[in-house]
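Undergrad: Here the protein sequences line up with chains S and D, keeping their order. Sequential numbering from 1 applies to the first sequence in the numbering used here. Sequential numbering from 1 applies to the second sequence in the numbering used here.
Hint data in this document are derived by calculation from the structure and do not stem from the laboratory. Glycine residues also receive a C-beta, built at the ideal position from the N, C-alpha and C atoms. Do not rely on the hints blindly, as some may be mistaken.
[What the hints assert, rightly or not] Per the computed footprint, the stretches of chain S lying under chain D, defined by three or more beta-carbons under 8 Å from a beta-carbon of chain D, are:
id	stretch
1	230 to 236
2	253 to 260
[Said to hold, decoys possible] Lysine to aspartate or glutamate pairs mimicking EDC-like chemistry, simulated, CA-CA at most 16 Å apart:
id	chain 1	residue 1	chain 2	residue 2
3	D	Lys76	D	Glu110
4	D	Lys202	S	Glu204
5	S	Lys202	S	Asp181
6	S	Lys202	S	Glu90
7	S	Lys76	S	Asp114
8	D	Lys288	S	Glu50
9	S	Lys288	D	Glu301
10	S	Lys202	D	Asp51
11	D	Lys202	D	Asp181
There are 2 protein chains.
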Amino acid sequence: MSVLVVGSVALDTVETPFGVADSILGGSAVYFSLAASFFSPVRLVSAVGEDFPEDYREVLRHRSIGLEGLAVRPGKTFRWDGSYEGRMNEAETRQVQQNVLGDFRPVVPEGCKDSRFVFLANCSPHTQLHVRAQVPEAQFVLADTMNVWIETERTALLELLQNVHGLILNDAEARQLSGCDNLLVAARWVCERGPTYCIIKKAEHGAMLMGPAGVFVLPGYPTDSVRDPTGAGDSFAGGLLGHVAASERLSDATLRTALAYGTVVASFTIEDFGTTRLNEIEREDIEKRLEEFINKTHLPEARRG
Amino acid sequence: MSVLVVGSVALDTVETPFGVADSILGGSAVYFSLAASFFSPVRLVSAVGEDFPEDYREVLRHRSIGLEGLAVRPGKTFRWDGSYEGRMNEAETRQVQQNVLGDFRPVVPEGCKDSRFVFLANCSPHTQLHVRAQVPEAQFVLADTMNVWIETERTALLELLQNVHGLILNDAEARQLSGCDNLLVAARWVCERGPTYCIIKKAEHGAMLMGPAGVFVLPGYPTDSVRDPTGAGDSFAGGLLGHVAASERLSDATLRTALAYGTVVASFTIEDFGTTRLNEIEREDIEKRLEEFINKTHLPEARRG
């Protein structure tokens, strides 16, 4: 079953303690698509400018990502320029150029309107609601959000919550949205406002899933191989929703396994700049690392049980 | 196999968003002893003043904790007065009165010198070395430390590392000691300086074990029931070393299970002020929660496998 993603396609300039990468392929929809493509066919809805390099388009095509919904608009591609320091926990945004995404109203192509698994990447909740209305048959719509929308478009965000099946956000955002310090309480707060599932990302500390069967947490993949954290969150969402779409069975058990796949795919993303590692790995690398993840985070007795 | 602990016995005054508790039983050796007592016989070495209440002594006796090494010295019992705010991640110390512990040189009773499992609770590394020399037959000595010793007694601390089998410390301390941001790298740094095992506590985010078989991580027990985090770290160490002593088999597998027991026992400690919960629960409550912990943090497939 294919996955539809609506989000950004970007040219990123990133500086980390390990170097600088200039105008590389990035954006939420790109990271999500590449990550999900290991599990399910992906269809991408976004817009780029006339400057978008053919090589970057080829990166997406190489993973058979459907680009019917990728509009080419007059002007320049969205640009993000950011840096990470020290523990690289948080990006400092140096510059954002909205360019062709500034006034973009995403249109889901006719052939994609029957999509059953949909990711609404981080974006104004108004735009997310606009997209949501175009995929009425969706069985599982997962939305991302961030601090700026929680602050400035809270009403629209709460309306969005009533129209999606899952919300994914990071720990600081979950606390900001709910006003609750404890993440279990924050996740329950979200689930009481519409979504069946709430997924809270905790970066190196892993992720939490709240669903009908209660809470489930996984630690991050233990690694000392981090060169560029950009795209980790969207890669996590891609691995997660990719697995859900592939399994075609919506349940807490599916989502729990999906949490592990998201964790593992994101652990590859951060090993090098931009999409480098997602372009290099294959599904078998993911399966092998999932095995390693289980060995490094699951009790032997539990495994035997 | 019994466990020996050398640390503080205290009268704590604690304020959290959930209330205030005045002059309650506390101290590293107390939390450690109560936590370890569910798994193994415990022998406690410390000192109290003439003001130490008989009721508190009874709390320890109730768990059959050996008090032969608990000296009663002229003067007052060690006192700690602290508070927690908001997410209760860190205690703010309002006042410390060393009292009888100020110049205390712990003496391990003759009958305890054959101890094979020893916990050197947080203390000056000079004192820890002094105790270490009194238990030459120990098979597994685990030491705790903290920021002040890393700053002011680094040389003695590095000497201690060459004389213990395990070091346990929190994430900020591990980074401070090693100068490494990444916790895997920090833990390896510690293991290269003597200890076979390094255990890094990450509070609500769980714990990491580094040993000969590599890294192992567990998330914290997911809970919204936190009223007083005091003693969580020492309870964690108690559950951990209690299990190791009970299993009598030193291996990565034992330590990994021990990490889970430590996590679970600490999750009880924080549910109420002081030692309240540790006095209420029984071993079967720990086993039941371990099962819940596995259900909430381990993939079903891995459990089946």
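Undergrad: Hints the structure violates: just list their numbers, smallest first.
TA: 1, 3, 7, 8 and 10
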